[in-house]
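Novice: Let chain P serve as the given structure and place chains V and H on it in line with the hints.
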Amino acid sequence: MTVLEMRDVSKAYGQGAGRVEALRQVDLTVGAGGMVAVMGPSGSGKSTLLTIAGSLEEASTGEVLIDGAPLSRMSRNDKARLRRRMVGYVFQDFNLLPGLTVAENVALPLELDGVGARAARAAAREALDGLRLADRASRYPSQLSGGERQRVAIARAVVGDRRLLLADEPSGALDSVNAEAVMRLIHEACKRGMAAVVVTHDAQLASWADRVVFLRDGHVVDQTAPLPGPESLLTPGQTS
Amino acid sequence: MSTALRERPAPAGAPGHGGVPARRAVIRWAWRLLRREWRQQLLVLALVTVAVAATIVGAAVATNTPPPASAGFGTAGDAATFQAPDPHLASQIAALRHRFGRLDVIENQAAAIPGSIATFDLRAQNPHGPFGQPMLSLVSGHYPERPGQVAVTSGVAATFRLKIGDLWRQAGTPRRVVGIVQNPQSLADEFALVVPGQVTVPTQVTVLFDAPGVIPSSIGPNVQTPHPAASGNVLNPQTIVLALATVGMLLIALVGIGGFTVLAQRRVQSLGLLAAQGATDKHVRLVVRANGALVGILGAVTGFVLGLAAWLAYRPTVESDAHHLIGAFQLPWTVIGVALALAVVATYAAASRPARSIARVPIVAALSGRPAPPKQVRRSALPGLVLLGGAAVLFAYSGMSNGNGSGSLELVLGLVALIAAVILLAPACLALLARLGGRAPIAVRLALRDLARYRARSGSALAAISLGVLIAVLVSVLSAQRFGNVLDYAGPNLASDQLIVYTPNGQGGGPGNGPNGPSGPVTGSKLAPMAKAAHDIASALGSHDIVQLESASASLQHAASGRTWNGQVYVATPQLLRAFGITASQVSPGADILSMRPGLSGITKMQLLFDPKASPGVGVGPGTGNGPGGNGPGGPDSFPCPKNQCLANPVIQEVSALPSGTSAPNTVITEHAISTLGLRAGISADGWLIQTPNPPTAGQITSARLTAASAGLTIETRNSIPTSSEIINWATVFGIVLALGILAMTIGLIRSETSGDLRTLAATGASSWTRRALTAATAGALGLAGAVLGTVAAYAAAIGYAWNNKLESLSELSSVPTSSLLLILIGMPLAAAVAGWLLAGREPAALGHQPME
Amino acid sequence: MYTQYYSQHATEWRDVVSVRHALLALLSEGPKYGLQLREEFEARTGEVWPLNVGQVYTTLQRLERDGLAESDDDGDDGPQKGFRITPDGAAELAGWLRTPPDLASPPRDELVMKVLVALRVPGTDVHQVIQVHRRYLVELMQQWTRIKEAEAETDLGLALVVDAELFRLDAVIRWLDTAEGRLKRAGADPPPPSSVALPRLRRRVGMRS
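Protein chains in written order, with my numbering: chain P, 1 to 240; chain V, 241 to 1093; chain H, 1094 to 1302.
Bound-form chain P, shown alone (with noise of 0.2 Å):
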């Protein structure tokens, strides 16, 4: 089942001699249960396609397609309900409201959406249970480590009943350790029913997607074939 589904997507910044295109002809389809990466180097557009899937920008042309509701139908109010119930944000770093303790945080799409306190809170600590976050539930964004953080905030962006998840560089700013555990977790999100996009530089981390889209100058170049077992690598010497 496609949860996002972009068409022939641009986006152009800027006029005249200052034009750039950030995107040109994008074509991406996630499923439910399906990681996708995008790769490519700085400057290819990795940051504009997330934040247009997300409803942060508009496309220029083209159309995006949430759960099959088109975006460019809908008010920035029905934008923002979208962000709240279908579609959860990570990012590189500053993902948490100071202010807020990590279960408020995690709880706060919930509450937007006008679910009450106690029961957003309750939804909350069971997400964060799943990360093994319990005990951290009533400290401060500013009283964790950086993994921490990185693991409330992909609660926040699971919390409720998300359809999406939409990462940029989300483990861009940990060590390999904790970056691998913040993939881990995306992963198990996509393995219960999340579509996931994933955007990175790094090709360990696009590893755990089921399917790598490079990008290069706004233009979708190339993506890996679906995975065949894992088995085939352990066994070289009987395929080839």
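Keep in mind the hints are simulated off the structure, nothing from the lab. Note that the structure is a prediction, hence the values are computed from the model and not measured. The beta carbon of each residue, even a glycine, is placed where N, CA and C say it ideally should be. A portion of the hints provided could be inaccurate.
[As the list claims (entries may be wrong)] Facing chain H, from chain P, some residues (calculated, C-beta under 10 Å):
{"id": "1", "residue": "Met39"}
{"id": "2", "residue": "Gly146"}
{"id": "3", "residue": "Glu180"}
{"id": "4", "residue": "Ala209"}
{"id": "5", "residue": "Arg211"}
{"id": "6", "residue": "Phe214"}
{"id": "7", "residue": "Arg216"}
[Claimed, not checked] So these bits of chain H aren't anywhere near chain P, every CB distance computed over 12 Å:
{"id": "8", "residue": "His1114"}
{"id": "9", "residue": "Tyr1126"}
{"id": "10", "residue": "Ser1164"}
{"id": "11", "residue": "Asp1165"}
{"id": "12", "residue": "Ala1184"}
{"id": "13", "residue": "Asp1202"}
{"id": "14", "residue": "Leu1212"}
{"id": "15", "residue": "Arg1213"}
{"id": "16", "residue": "Gln1224"}
{"id": "17", "residue": "Glu1232"}
{"id": "18", "residue": "Trp1237"}
{"id": "19", "residue": "Ala1252"}
{"id": "20", "residue": "Leu1262"}
[What the hints assert, rightly or not] Partial list, computed: chain H residues near chain P (C-beta under 7 Å):
{"id": "21", "residue": "Gln1154"}
{"id": "22", "residue": "Arg1155"}
{"id": "23", "residue": "Leu1209"}
{"id": "24", "residue": "Val1210"}
{"id": "25", "residue": "Leu1259"}
{"id": "26", "residue": "Asp1263"}
{"id": "27", "residue": "Leu1269"}
{"id": "28", "residue": "Thr1271"}
Specialist: Structure of chains V and H alone, referenced to chain P:
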């Protein structure tokens, strides 16, 4: 992990704003942020706190200082006062009792204090009477219960050296002192309380009763009802305090806009994150607005507590000054309530603009923490100019209808329009400033351009400074106008070392409207003891410098619509001229009038009214009457007036040696005019001007007043009306201090946004000189623009006011001392620039980026 | 196709890994039988590098010949023959552990050669060549990551081996990224055909076999 939530509300109704839970979550976050970052908002918080506290103390003092309306009435609705001895007293009281039921009778008998001209009352009053209880309270001991007992006020106790338990023989009657009492409604009321029936020869009897719905005068001529002083008059203490509080909150709101803008910018990344989590624009705005309202609430509560504490600490002083007890919580709660609400409204409104602009920042730009690019809106200066013109017109209309008192609406509307005009014109001024500074050195150019670019905060700061200057200049101009009017002369009545003793026909029976009503003319036989008393007073004050003031039956009048003549015209006796060092050679032989009022000789359509047949002491025309121009022959509209009663265009000579007080002989009629017009017979003695070596003390004034009263005279001493220059000086100081204060508070905010530029400048090799120059230029430019804008607005209003306010000419507008204007227009910006230069020398600790967490 | 790509690398890597020293390391824990040694070798390396029994015994014989290990004298030559390490063997193992591998001279890297050659062949899109290799590498990494995801939580040895593999592949991808960036910058102004860069490189690469 994806936790399914069954109780998500259906998206029916409103387009998904999340309802109450969402608002609660957003406000909770705003509160947390405020708790974490209250230091950054200390400025606005402190301003609100101080304003609220000052309003509470000010309102409490202003409304409680005048005696309570019920003073002398207790809880009664009516009081009948009988001057004893009255043969029908008993029957009248019986009639009242028959008609209205319950009565409270208070009998007073004036008693002398031996060796003193002061008196006290022997009072018979039932302490538990139906109406009189608020007029009596026990300080210690108990109330008298038997004829042989008395309770006295502490003043009486001190005078007669009494204490509880003493036996006091008063007027031959021995009584035991059983208590110390007071009249809470009038602490100056000195009396000795006895049980009813003990006052044998009452001099005054007050009967308190309730006659609801009955017109007091229909009961009897001596019946009164309490009438609150505040009601009826719009300019009562409550409205004045409220108006001041409103202006204060307006200034706070203007300063607050800058503060909240910086705050919103500092939180732009958090707000972007909030939006990325699905917060609508409404939620983002609510964060900033809630912050503003919370600051207001916090400031209001703190200010309320502080103000209440200050009031409770200050209350005893106010009570002793006002001579009546004041309940601890006897406060104008309506005014306080409105002030508290105003504080919240002001901060909420101040946060609203930054809230709107921050909600417009694209989410992606906000997330990256980039400051929102300043909006380049070319806002026309036209609405501001139109409003300024409208304000001037409204002021003109208020002047036109000033006579019948219906101009206050126009006045208020004009003020509102004026303030709105200043607020609207401020950003346009900044744009103009930036254009003017196009060729200035780099630091100045940068400072001016930044001021214009970041108008959200600099515009509001400029408006606040302009308003401060506007108030100061407006007060200066209007007071100069008022004080500069030679006809309706205003100012202090006398110099502080002057004192006038009036005979009953002087000043219409004396300015104090003392016990001596207008009596017959003072003739030679009556005058001698009065003159002796006046000389006694003078010698008691150590003065031999005493001048008799005489008036002829003549007065000046201005035969044109507008301000009318105000003041007494005394006779320029040789003695008077000598007293002020004016020699006969200085007086031109043809002069009819000598005056120190500058510009009086240039006024046209002046006429001298006179009545050669008048007997001495009866004034003529507007000079002695209260209604100007009302009873003089030939109204102001008939010019020239009848020849036999009036001299058109009298010759007026300006003599600056004459005293300037409004009650002093500042304008005198010459012997030449007296003899020409045949007024010699009508001359009467009005009083004596005593020049004392030192300003008399309060005690000396009191004893002089007593001496005068015993001879049927009244005295006048310097009143509290300030001089024009005092008002202008204070207004100037106020304007400069306010403007510099606002600058000091806002300059940091304004520069903080451009700290990035400073870093870049430092990286390109700029020295601390550049930093100093930038800050100095910012402060100086803001100060200058504010001074110019405020002055222009004030003059626009003043010209409008003068246009139709029957002022002689616009030239009076120029009577504001140039030094004051120069101080505001040049001194204040210069001081701001110098202070900016000096204070910007230190490298800011957190130059550049604020950590976002 | 990618398995083929992999196997070329895998052969090279097995040469680098010293089976001889690995067996010595296993014997340093205590005497072991030949079959046991093979099983433990495969288990410790996460079954990434399979060994056949013949290879194990050849190596053991060489160790015995060099005096680094000794066998049970009474046992027969079969899977049940026990081996133990000698003091010389322990010294050799300690010395080997501390001897850095030869990383100073560049290996003859086929991928580097292919990219260099692609530059010279007319009508070839180097970017496309690079992307093909990059995709293969990423696909390989995806498979290694799957293995890690499935088992590495419980098997530390496997995790280390897979990490090594992932970092190696990652390094190659980074080289491709850098190469592409360099080519892109030079793209507007291609080097003249008579460049001397290639022969000189060839000479240097040839230094090591």
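Novice: For each hint, tell me whether it holds in the structure or not.
Specialist: Checked hints:
1. Met39: holds (7 Å)
2. Gly146: Violated, about 21 Å.
3. Glu180: holds (8 Å)
4. Ala209: holds (7 Å)
5. Arg211: holds (9 Å)
6. Phe214: holds (7 Å)
7. Arg216: holds (8 Å)
8. His1114: The claim holds: histidine 1114/H sits with its nearest Cβ about 23 Å from chain P, beyond 12 Å.
9. Tyr1126: holds (25 Å)
10. Ser1164: Its Cβ never comes within 12 Å of chain P, the nearest being 30 Å, so this holds.
11. Asp1165: Holds, because the least Cβ-Cβ distance between aspartate 1165/H and chain P comes to about 33 Å, which exceeds 12 Å.
12. Ala1184: The claim stands: alanine 1184/H keeps its Cβ more than 12 Å from every Cβ of chain P (closest is about 35 Å).
13. Asp1202: holds (18 Å)
14. Leu1212: For leucine 1212/H, whose nearest Cβ neighbour in chain P is about 19 Å away, the distance exceeds 12 Å, so it holds.
15. Arg1213: Check passes; 23 Å lies beyond 12 Å.
16. Gln1224: Given a closest Cβ separation of 5 Å, the condition is violated.
17. Glu1232: violated (5 Å)
18. Trp1237: violated (7 Å)
19. Ala1252: violated (10 Å)
20. Leu1262: Not fine: 7 Å to the nearest Cβ puts leucine 1262/H too close to chain P.
21. Gln1154: At about 24 Å, which exceeds the 7 Å cut-off, the nearest Cβ of chain P leaves the hint on glutamine 1154/H violated.
22. Arg1155: Violated, about 24 Å.
23. Leu1209: violated (21 Å)
24. Val1210: violated (21 Å)
25. Leu1259: Status holds, d = 5 Å.
26. Asp1263: holds (5 Å)
27. Leu1269: The hint is violated - leucine 1269/H has no Cβ within 7 Å of chain P, the shortest such distance being about 10 Å.
28. Thr1271: Constraint on threonine 1271/H not satisfied, violated at 10 Å.
Hint compliance for this structure: hints 2, 16, 17, 18, 19, 20, 21, 22, 23, 24, 27 and 28 are broken, all remaining hints hold.
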